[in-house]
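Protein chains in written order, with numbering that gives the first Met the number 0: chain V, 0 to 472; chain H, 0 to 99.
Just so you know, the hints here were simulated from the structure itself, not pulled from any lab data. Beta carbons are placed, not taken as given, at the ideal position from N, Cα and C, and that holds for glycine. Take these hints with a grain of salt, some might be off.
[Said to hold, decoys possible] Facing chain H, a subset of chain V residues (Cβ under 10 angstroms, in silico):
(1) Pro96
(2) Gly320
(3) Arg342
(4) Ile354
(5) Ala373
(6) Lys375
(7) Val376
(8) Phe388
(9) Ala409
(10) Thr413
(11) Pro414
Here is how the chains run, residue by residue.
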Amino acid sequence: MTPMFAKNTLSALRQKLMNRELSPVELTQEYARRMQELNPALNALISWDTERALQAAAQADVSLPLGGLPIAIKDNICCLGEPARCASRMLENFVAPYDATVISKLRAAGALPFGRTNMDEFAMGSAGENSAFGVTRNPADENRVPGGSSSGSAAAVAAGMIPAALGSDTGGSVRQPASHCGVVGLKPTYGRISRYGLVAFASSLDQIGTLTTCVEDAALLLQFLCGHDAMDSTSSLQPVPNFASDLHSGVRGMRIGLPKEYVSSGNAPEVQEALKAAVTELEAQGAEICEISLPHAEAAVASYYIIACAEASSNLARYDGVRYGYRAAEISNAPGDLYARSRTEGFGEEVKRRIILGTYVLSGGYYDAYYTRAQKVRALVARDFSQAFESGVQLILGPVAPTPAPKLQAKDMTPLQIYLADIYTVPANLAGLPAISVPTPQSGLPVGVQLLAPHFEEARLLRGAAALERAWS
Amino acid sequence: MSMEKPRIDVAYIAELAKLELSDEERERYTRDLEQVLAYVAQLDKWDTQDVAPMCHPLEVHDALRDDVPGQSLSNEVALSNAPQQMDGQFRVPKVVESAH
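Can you build the whole structure from these sequences, using the hints too?
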């Protein structure tokens, strides 16, 4: 492995392609070689089709804005003619019959989808260990998890197996693995990017995001991914600004809120230090850091898991063994047996757990006590943020996760303990806010810090992230 | 409304969700769920009397388009992932006995 190559950004590679120092075919060959070399140890990719990628590379038009650049795709986003398994037995043989809107947009900009990244099954998990295709390992320490659920996307980018990847973020699934692997993870505003062709987990929370080696690449990809789409009624009509134009304008005079609830003694020392370093750096660059309060911060995880599981139980009802997906071989002719056998054999443990929780909170007699109540508390969590932004804070700074990447197979953790570690990432999904994880300089394991911005203020978010990155690179 | 310590009939919930559980799984999921539900009971402590439930993070716009036919998947492509197909249709196992 050449470390220099691993650090190649999309913009640097694009420059080489445009200068004809490198052809798209050579670039694809190099990444195919790196996948071959590194994937056996990391298991970041479930599959990749080199022949197909080379064919696309031979046709690539380097005059396009992303011309000839390979991008790995999380296994829950559809690419025409390629598998989309969601790392589940349920979709093991599923071949996408169409391109997701993000894939059409990437192709239109000249990019080459290459490689299906491993993930927690149906994006349910935060360690990358709930995959039917085996655990993914963290390139920074192979005895540790890469985080999840976009485990393979983060690990592949961190290891230099691909310059950038798409992920999805329902409760932190882009930002948290980015933090654990030391890459940049961007979750845009809910509705900023069309979800057409993203396999649904929790539709009021799901958003496609990017994993890149630098903030500039996140801005570059976002530029071509967002915009209204008639195929997704929740995609936003908001105009799309130029995300690169203000990227390096700095944070002088900016007010950045630090929620007192986020500077918790429950955070690992490395996380507290990362936060402190971010505060010092932002202040040094002329930003004003002010303490704010998000009084309902502690309620976010409870609200999130009720809503996410309720929506998942409904969304995953479509896997019934009839139209696509796994069908059990042995079925009695009892009504419903086809559904029950296929679902029982096709879904993994955590997916079943969440379907059961979701079914429970939606069931007769509990709907109002749990689901409606969670939606009301969701409104309170969202209101905390709008009040903070109305008070004059332009960005909010916080941790991404309470700890660096845990060791593999922490089997002594209960599901509840695992869910509680999502405390800093789920609020952005509940409120629909854009948020980004930026790596901090570390001598040990990677640790990211998170910035959050008001709805559709990705340009400001990226500007704050670029300021941190510039200081630390 | 108060959320008392729930007594969960996981077998019934699994039936609703069309999942079959072994005895061991039923026990495990009951334990996990009781723990999660005991935790989420904290939602009770927030005053939500005058709060409207939030079902969507943004203002929802009118998403209806003109009712004109667009392009859709061909019959062949739509069936391409079917576990079984016949005569251009999804094929499923028989679940009713014949009348005679």
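How the hints compare with the structure:
{"no.": "1", "hint": "Pro96", "result": "holds (5 angstroms)"}
{"no.": "2", "hint": "Gly320", "result": "holds (6 angstroms)"}
{"no.": "3", "hint": "Arg342", "result": "holds (5 angstroms)"}
{"no.": "4", "hint": "Ile354", "result": "holds (5 angstroms)"}
{"no.": "5", "hint": "Ala373", "result": "holds (6 angstroms)"}
{"no.": "6", "hint": "Lys375", "result": "holds (4 angstroms)"}
{"no.": "7", "hint": "Val376", "result": "holds (5 angstroms)"}
{"no.": "8", "hint": "Phe388", "result": "violated (14 angstroms)"}
{"no.": "9", "hint": "Ala409", "result": "violated (16 angstroms)"}
{"no.": "10", "hint": "Thr413", "result": "holds (6 angstroms)"}
{"no.": "11", "hint": "Pro414", "result": "holds (5 angstroms)"}
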